[in-house]
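K.L.:
As given, the protein sequences belong to chains L and U, one line each in that order.
Quick note on numbering: this note's numbering labels position 64 of the first sequence as 64, and the sequence is numbered without any gaps.
Quick note on numbering: this note's numbering labels position 159 of the second sequence as 159, and the sequence is numbered without any gaps.
Treat the hints with care, as some may be off.
To be verified - Here are some chain L residues the structure puts well away from chain U; computed CB gaps all over 10 Å:
{"id": "1", "residue": "K68"}
{"id": "2", "residue": "N137"}
{"id": "3", "residue": "R139"}
{"id": "4", "residue": "G214"}
{"id": "5", "residue": "R376"}
Stated by the list, open to error - Covered stretches of chain L, going by a simulated chain U footprint (3 or more residues, C-beta under 8 Å):
{"id": "6", "segment": "42-56"}
{"id": "7", "segment": "204-212"}
{"id": "8", "segment": "224-230"}
{"id": "9", "segment": "245-254"}
{"id": "10", "segment": "336-343"}
Hints listed in this document are in silico derivations from the structure and should not be mistaken for laboratory results.
Quick caveat: nothing in here was measured; it's all calculated off a predicted structure.
Idealized CB from N, CA, C, for every residue including glycine.
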Amino acid sequence: MQQQIFFFLIFLALLPPVQADLTIEITEGVEGAFPIAVVPFGWQGKTQPSEDVAAIINADLHRSGRFKTLPQVDMLSRPTSGDQVEFKDWRALDTEYLVVGQVQQSGVKGYTVRFQLFDVYRGEQLTGYSIPTTESNLRSTAHRIADLIYEKLMGVPGAFATRVAYITSVQVTGVQGQPKSRIDLRVADADGHNPQTIVSSSEPLMSPAWSPDGRKIAYVSFEEGRSAIYIQEVFTGQRQKVTAYKGINGAPAWSPDGRKLAMALSKGGNLDIYVFDLARKTLKQLTRHYAIDTEPAWSPDGRKIAFTSDRGGKPQIYEVPSYGGTAKRLTFQNAYNARASYSTDGKLLALVTREDGNYRIGTLDLESGLLQVLSRGNLDESPSFAPNGSMIIYASKAGHRGVLAAVSVDGRVRQRLALQEGDVREPVWSPFEK
Amino acid sequence: MYKTVITWVFITLSVILFAGCTSTPDKGPADVTERSTGAVGEGTDMQSGAMTSAASQGAEWYGDPLEDPNSLLATRVIYFEFDQSSIGMEYRDIVRAHAEYLATHPQVLVRLEGHADERGTREYNLGLGESRANAVRSIMMAEGVSDEQIVVVSYGEERAASFEHNEEAWALNRRVELIY
Numbered sequence: 001m002q003q004q005i006f007f008f009l010i011f012l013a014l015l016p017p018v019q020a021d022l023t024i025e026i027t028e029g030v031e032g033a034f035p036i037a038v039v040p041f042g043w044q045g046k047t048q049p050s051e052d053v054a055a056i057i058n059a060d061l062h063r064s065g066r067f068k069t070l071p072q073v074d075m076l077s078r079p080t081s082g083d084q085v086e087f088k089d090w091r092a093l094d095t096e097y098l099v100v101g102q103v104q105q106s107g108v109k110g111y112t113v114r115f116q117l118f119d120v121y122r123g124e125q126l127t128g129y130s131i132p133t134t135e136s137n138l139r140s141t142a143h144r145i146a147d148l149i150y151e152k153l154m155g156v157p158g159a160f161a162t163r164v165a166y167i168t169s170v171q172v173t174g175v176q177g178q179p180k181s182r183i184d185l186r187v188a189d190a191d192g193h194n195p196q197t198i199v200s201s202s203e204p205l206m207s208p209a210w211s212p213d214g215r216k217i218a219y220v221s222f223e224e225g226r227s228a229i230y231i232q233e234v235f236t237g238q239r240q241k242v243t244a245y246k247g248i249n250g251a252p253a254w255s256p257d258g259r260k261l262a263m264a265l266s267k268g269g270n271l272d273i274y275v276f277d278l279a280r281k282t283l284k285q286l287t288r289h290y291a292i293d294t295e296p297a298w299s300p301d302g303r304k305i306a307f308t309s310d311r312g313g314k315p316q317i318y319e320v321p322s323y324g325g326t327a328k329r330l331t332f333q334n335a336y337n338a339r340a341s342y343s344t345d346g347k348l349l350a351l352v353t354r355e356d357g358n359y360r361i362g363t364l365d366l367e368s369g370l371l372q373v374l375s376r377g378n379l380d381e382s383p384s385f386a387p388n389g390s391m392i393i394y395a396s397k398a399g400h401r402g403v404l405a406a407v408s409v410d411g412r413v414r415q416r417l418a419l420q421e422g423d424v425r426e427p428v429w430s431p432f433e434k
Numbered sequence: 001m002y003k004t005v006i007t008w009v010f011i012t013l014s015v016i017l018f019a020g021c022t023s024t025p026d027k028g029p030a031d032v033t034e035r036s037t038g039a040v041g042e043g044t045d046m047q048s049g050a051m052t053s054a055a056s057q058g059a060e061w062y063g064d065p066l067e068d069p070n071s072l073l074a075t076r077v078i079y080f081e082f083d084q085s086s087i088g089m090e091y092r093d094i095v096r097a098h099a100e101y102l103a104t105h106p107q108v109l110v111r112l113e114g115h116a117d118e119r120g121t122r123e124y125n126l127g128l129g130e131s132r133a134n135a136v137r138s139i140m141m142a143e144g145v146s147d148e149q150i151v152v153v154s155y156g157e158e159r160a161a162s163f164e165h166n167e168e169a170w171a172l173n174r175r176v177e178l179i180y
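With these hints in hand, go ahead and build the complete structure from the sequences.
P.N.:
This is how it looks when you write it as structure tokens:
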């Protein structure tokens, strides 16, 4: 039976992606965003590539909220290489930065993408690369170029060539005509394109977590009538059941070295934090308290684990050494703080906090203890940092529907990501691909 | 013949249930406290009335008491307060009635499904749903139900009974479902 479910899931995972893309709209950008022009790329070869590389770069930069992109119709000229650029044309348009490039066919399915980034006022090239790629990788090459431009101008790497995993839920009609839920775990590019269902179930799926190398996702599935933790290879669909103890098997969290999985288990009678060694298959209990202890998250150096506990009466964030020890309370502001995760530099915790009856996304500065509320919804949850630490993606509600939203860590840029139908929830941003 | 047997079994059960009911005050100080609390309010009426009704219905109801629509056993959902997992006074007799049924039917299994409303984080709500189901389980075990008869599963906020986003919906979603 278990085998059958497994093959059914694999079969579903292999179905062509019929689901609609996520659409992303910027709801708030930064004042004084950098004016930049991305000129349509030139083309040399026989078969026109299926993707408009410049348009993808343009959309990425625009979506970050940090750039004001110039519409194509306003461009006075359309250079495709540095020697064709007339800087005065661009100065006249108050454009500060300029991207030009070309796509060249090389071989049957191969392409080479060249681009140059210029500082318009100084008339200088800031960076430029020539990147070999293929038809199927053109989108990701465009995202990588956007990453390079972002890094050059912002000083931190871009996170455009990354992905987001999330859960969707739609009502479908069952075999006997009865309504039932279909719950999918999906992975899409960070711009919402190319969504792929990697698990589909009529029972709840929860808490996806990327492995640090971005190749696996751990998640909770109720497909056997109760919770169990699985690890699945994103590219092959192969998976294994990790734990299915009596009671709750929840909240999987990878250690930064990818060797361990922290989790919340209630096999001891109530929820406590445990650490499971994936190679040795050994389990170590980290917390031992009659309260609810759940939602573990590793610090980037792997030395600490933050978790949610209501041992003080209400849910608050605590921190415990990952090898065991005494738990220390971290949150003191607001009566409800839960589901913490560390920023990549380890300085901030993203969390869910209740403020005036609203559940919102906030950050806790671990040094100053300052709690900053970033989101504005009333049922916001599941915050997840972009791997470059610039944005936090989270789940929100728009009317009756679950939607995804993102906010910059400084609260100045806001995006909303909506699926055409159904609920979207529990977004988790992938690490940088290795 | 079949009906006679069922009737006979049920009459016997009613007697056992009734006997169990009258003997509870002797069980321990916890139950005594419960009853004296109830004595000042409506609780007593509900409690004794419910028990009398279950017993008298027995004479007319020829099936399994679980199928009797007038029995306390017909109530299969226990509701909870926000962020709470303690069982309200108004549900205690219902849980006890189920416990007594299970204790006298050791071959019957029950699945306690704990749920939470959508507010707050999903994994914490999974814990909350389990605490609620465990609260029901504790009362049942105190009433003599065997551990092997009870399966606890928490769904947290993953399986809402009402999909609205308001107080009414949330109240319907904070629940434990008893599934035989």
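K.L.:
Does each hint fit the structure? Answer for all of them.
P.N.:
Structure-based check of each hint:
No Cβ of chain U approaches the Cβ of L/K68 within 10 Å, the least distance being about 36 Å, so the stated non-interface status holds. Residue placement check: L/N137 keeps its beta carbon more than 10 Å from all beta carbons of chain U (closest about 35 Å). The Cβ of L/R139 sits about 31 Å from the closest Cβ of chain U, beyond the 10 Å cut-off, so the non-interface label holds. Residue-level check passed: L/G214 sits 22 Å from the nearest beta carbon of chain U, beyond 10 Å.
Listed as a non-interface residue, L/R376 keeps its Cβ farther than 10 Å from every Cβ of chain U; the least gap is roughly 16 Å. Under the rule that three or more residues need a Cβ within less than 8 Å of chain U, the assignment of the segment 42-56 of chain L is violated, with 0 such residues. Taking a C-beta to C-beta cut-off of 8 Å, the segment 204-212 of chain L contributes 3 residues in contact with chain U, enough for the three needed, and the coverage statement holds. Here's how the segment 224-230 of chain L fares: 3 of its residues keep a CB closer than 8 Å to some CB of chain U, so the rule of at least three is met and the hint holds.
Proximity of the segment 245-254 of chain L to chain U, defined as three or more residues with a beta carbon under 8 Å from a beta carbon of that chain, is established by the 4 residues found. For the segment 336-343 of chain L, the stated coverage by chain U holds: 3 residues have a C-beta nearer than 8 Å to a C-beta of that chain, and at least 3 were required.
In summary, the structure is inconsistent with hint 6 from the numbered list given earlier, while agreeing with all the others.
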